[in-house]
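Asks: Protein chains in written order, with this note's numbering: chain P, 48 to 193; chain B, 21 to 296.
FYI, nobody ran anything at the bench for these hints, they're computed from the structure. Please note that a few of the clues may not be correct.
Unchecked claim - Dumping the calculated DSS-like pairs for lysine-lysine here, alpha-carbon to alpha-carbon at most 27 Å: (1) B:89 - P:77; (2) B:166 - B:250; (3) B:33 - B:89; (4) P:123 - B:215; (5) B:89 - B:215; (6) B:23 - B:89.
Said to hold, decoys possible - Computed from the model, here is a short list of chain B residues facing chain P with C-beta under 10 Å: (7) 37; (8) 47; (9) 50; (10) 51; (11) 55; (12) 110; (13) 113; (14) 115; (15) 118; (16) 119; (17) 209; (18) 211.
Unchecked claim - Non-contacting residues of chain B with respect to chain P, defined by C-beta distances greater than 12 Å in every case (computed): (19) 143; (20) 164; (21) 228; (22) 241; (23) 268.
We put the beta carbon where it would ideally sit given N, CA and C, even for glycine.
Spelled out from the first residue to the last, the chains are:
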Amino acid sequence: MQVSLVPLITVNGIYPDLLVIFLVYLALRKGQLFGTVAGFVIGFFFDIFSGSVLGAAMFSKTLAGFTAGYFYNENKIQYNLNSYLFILIVFFCGALDSLFYQLLISNKIEINFAVLFFRQSILPAVFTAVLSLIWVIFKPQRDTGV
Amino acid sequence: MFKILRRYLESFKEYIVLIILLLVSLVILSFNQNNQFKKIRSFAFGNIVVITSLVSSFDELLSLKSEVKKLEKLNAELMLKVNRLREYGIENAELKRLIKLKDTTGYPLVPVTIVSKIIPSMPGFFIINAGSADSIQPGMPVINDKGYIGIVTETTENFSFVKTLMSPESRIAVRDERSGVDGILSFENNMLSIKNVPTTYDFRIGDRIVTSVVSTIVPPSIPIGLVSQKQTTIAGLLTNIEVYPFVDFQKVRNCAVLKIVQSKELGDLELNLLRK
Chain P
48 MQVSLVPLIT VNGIYPDLLV IFLVYLALRK GQLFGTVAGF VIGFFFDIFS
98 GSVLGAAMFS KTLAGFTAGY FYNENKIQYN LNSYLFILIV FFCGALDSLF
148 YQLLISNKIE INFAVLFFRQ SILPAVFTAV LSLIWVIFKP QRDTGV
Chain B
21 MFKILRRYLE SFKEYIVLII LLLVSLVILS FNQNNQFKKI RSFAFGNIVV
71 ITSLVSSFDE LLSLKSEVKK LEKLNAELML KVNRLREYGI ENAELKRLIK
121 LKDTTGYPLV PVTIVSKIIP SMPGFFIINA GSADSIQPGM PVINDKGYIG
171 IVTETTENFS FVKTLMSPES RIAVRDERSG VDGILSFENN MLSIKNVPTT
221 YDFRIGDRIV TSVVSTIVPP SIPIGLVSQK QTTIAGLLTN IEVYPFVDFQ
271 KVRNCAVLKI VQSKELGDLE LNLLRK
C-alpha cells in the first residue's frame, strides 16, 4: 500500500508514511520492545518492496518504533490511541523516521541540513500526522484496546 | 552473578534490542552492492511493480477522458507539423545529398508507458512498462515529443527504472544551442541548473538547451529546456544557469526508449556519469 497507493496522494514530492502510523499504533498498544522489533520488520519489507537502499528503512523505522514505545503506558492505551496525543506522536516519529531515512539514502556529500530537515522530514511528518487525524476521528468504535 | 546479569538485561532489554537491530540495519546497508542482495531486491521489486502498474492503470482510467480530448487536439496540430516537416525532410535529404552528410537521426524507438512516477524512496525515478524482455538495457535514453526525460538505470524482465533529469543523482552534458557552449546539467534544490559556468561563457535567458555532442550516453541535440535565470556567484567569476525543462515531469505518461547504448570505447571517455 505504501509503495503502490501512497504515490497517488503525493503533493509536490511530499508523501505521507502510512507505515509510521501503523508502527506508532503497534508501539502504543503493545509496548516499546514490540514497537522496536515491528519497526525493524516493517522497515525490512519496505526496503525490499520499494527497491530502495536495503537497511535504510530498517534503521529509521526501528528508531521510530523505539521512540513511539516511549509513550506506551499500559494504563492509558485507549487514551493514547484515541486522543490527539496520537497525532503528536505520529508527527514526532514520522519526522525522526524521515530524517534518518533521507540521511541514509542521500548519497550527496554536501547536504543542506536545513532543507533536508524541513522538506524531507517536517513536511512528510505533517502530512502523515494529518492522515493520522483521520484515523483518530474515524477510528472504529468497537476497538476497545486494553 | 547470573542473577545480576539477568536483572541488568531485563531492565535494559529495550535498549539492547534497539542497538542490536540498528547494528544489523547498518551491516545490511553496507552490503547493498552485493549481487545476492541486488537479486533479491530486483525479484521483490519486480513483483510489487505489477501491483503498482495496476493501480496506475486505474488512475489512468479516471483521467482518460480529458486526455483523449487533449490528444485529439495534439493530433491535429501534429498532422499540420508533419506536413511541414515532410517538406523540410525532402529539402533536407536533397541538401544532405549535396554535401554528402551521413544521416544519424534514425534511432530505433520503443514506445513505453510510465507505470509509476513517484517512488517515495527514490525521488526523480520513474518506472516504465518495458524491461529486458523488450531488449531494454541500462544506459538507454528515454525521451518524448518534448525532449529528454532520463536514462534507464536498471531493468527487470518487464519493467525498468528511469533516472530522470529531476533526480538529484542526474548529471548530463548539455549545450547552449545558440552559442554552442557546453556545461553539465544537474538537479539541485528542486531546479535544473548548470553550476559554476565562467561568466565569460555565452548563456542568455531564453536560450535553448539541448544534449551536447560531448555526451556519450545521449545522442546530441535532444531538447532539454530553456535558460530561465542566471545567477552570478559572490566572486563574480562564476555563474549558475537555471534551466526550465520542456518536459512536464508531473504530467508525462507516454514516452519512448532510444534503443542505443554507448559503445565501450566511448564509455571510457564518457562525461555523463551513469551511476545508480
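Asks: It remains to establish, for every hint, whether it holds in the given structure.
Replies: Quick rundown of the hints versus the structure:
A C-alpha spacing of about 53 Å is found between residue 89 of chain B and residue 77 of chain P, which places the hinted pair above 27 Å, so the restraint is violated. At most 27 Å may separate the alpha-carbon atoms for a hinted pair to count; residue 166 of chain B and residue 250 of chain B meet this at roughly 23 Å. The suggested pairing of residue 33 of chain B with residue 89 of chain B is violated, with an alpha-carbon distance near 62 Å, which exceeds 27 Å. Simply put, residue 123 of chain P and residue 215 of chain B have alpha-carbon atoms about 55 Å apart, too far for the 27 Å limit, and the pair is violated.
In summary, the hint linking residue 89 of chain B to residue 215 of chain B is not supported, as the alpha carbons are separated by about 40 Å, beyond the 27 Å threshold. Distance hint between residue 23 of chain B and residue 89 of chain B is unfulfilled; the C-alpha atoms sit about 77 Å from each other, more than 27 Å. The restraint placing residue 37 of chain B at the interface with chain P holds, with a minimum CB-CB distance near 6 Å, inside the 10 Å limit. Because the beta carbon of residue 47 of chain B sits about 8 Å from the nearest beta carbon in chain P, less than 10 Å, this interface hint is met.
With its C-beta approaching chain P no nearer than about 8 Å, residue 50 of chain B sits inside the 10 Å limit, and its interface hint holds. Given hint, residue 51 of chain B at the interface with chain P, holds; its Cβ is 8 Å from that chain's nearest Cβ, closer than 10 Å. For residue 55 of chain B, the shortest C-beta to C-beta distance to chain P is roughly 13 Å, which exceeds 10 Å, and the interface hint is violated. Residue-level restraint check for residue 110 of chain B is violated (minimum Cβ-Cβ distance to chain P is 46 Å; threshold 10 Å).
The beta carbon of residue 113 of chain B comes no nearer than 45 Å to any beta carbon in chain P, farther than 10 Å, and the hint placing it at the interface is violated. Annotation: interface hint on residue 115 of chain B violated; nearest CB of chain P at approximately 46 Å, more than 10 Å. This hint is violated: residue 118 of chain B has a C-beta 50 Å from the nearest C-beta of chain P, more than the 10 Å allowed. Contact between residue 119 of chain B and chain P, as hinted, is not supported at the beta carbon level, the nearest pair being about 46 Å apart and thus beyond 10 Å.
The interface hint given for residue 209 of chain B is met, as the beta carbon of that residue sits about 7 Å from the closest beta carbon of chain P, less than 10 Å. A hinted interface residue such as residue 211 of chain B counts as satisfied when its beta carbon comes closer than 10 Å to some beta carbon of chain P; here the least separation is about 12 Å, so the hint is violated. Once the 12 Å rule is applied to beta carbons, residue 143 of chain B is inconsistent with being away from chain P; the minimum gap is 6 Å. Annotated as non-interface, residue 164 of chain B keeps its C-beta farther than 12 Å from every C-beta of chain P; the closest such distance is 20 Å.
Its beta-carbon lying about 27 Å from the closest one in chain P, residue 228 of chain B satisfies the requirement of being farther than 12 Å from that chain. Interface exclusion of residue 241 of chain B from chain P stands, the closest Cβ pair being 30 Å apart, more than 12 Å. At the 12 Å boundary, the C-beta of residue 268 of chain B stays outside the reach of chain P, the nearest C-beta of that chain being 14 Å off.
The structure fails to meet hints 1, 3, 4, 5, 6, 11, 12, 13, 14, 15, 16, 18, 19 from the earlier list, while all remaining hints are met.
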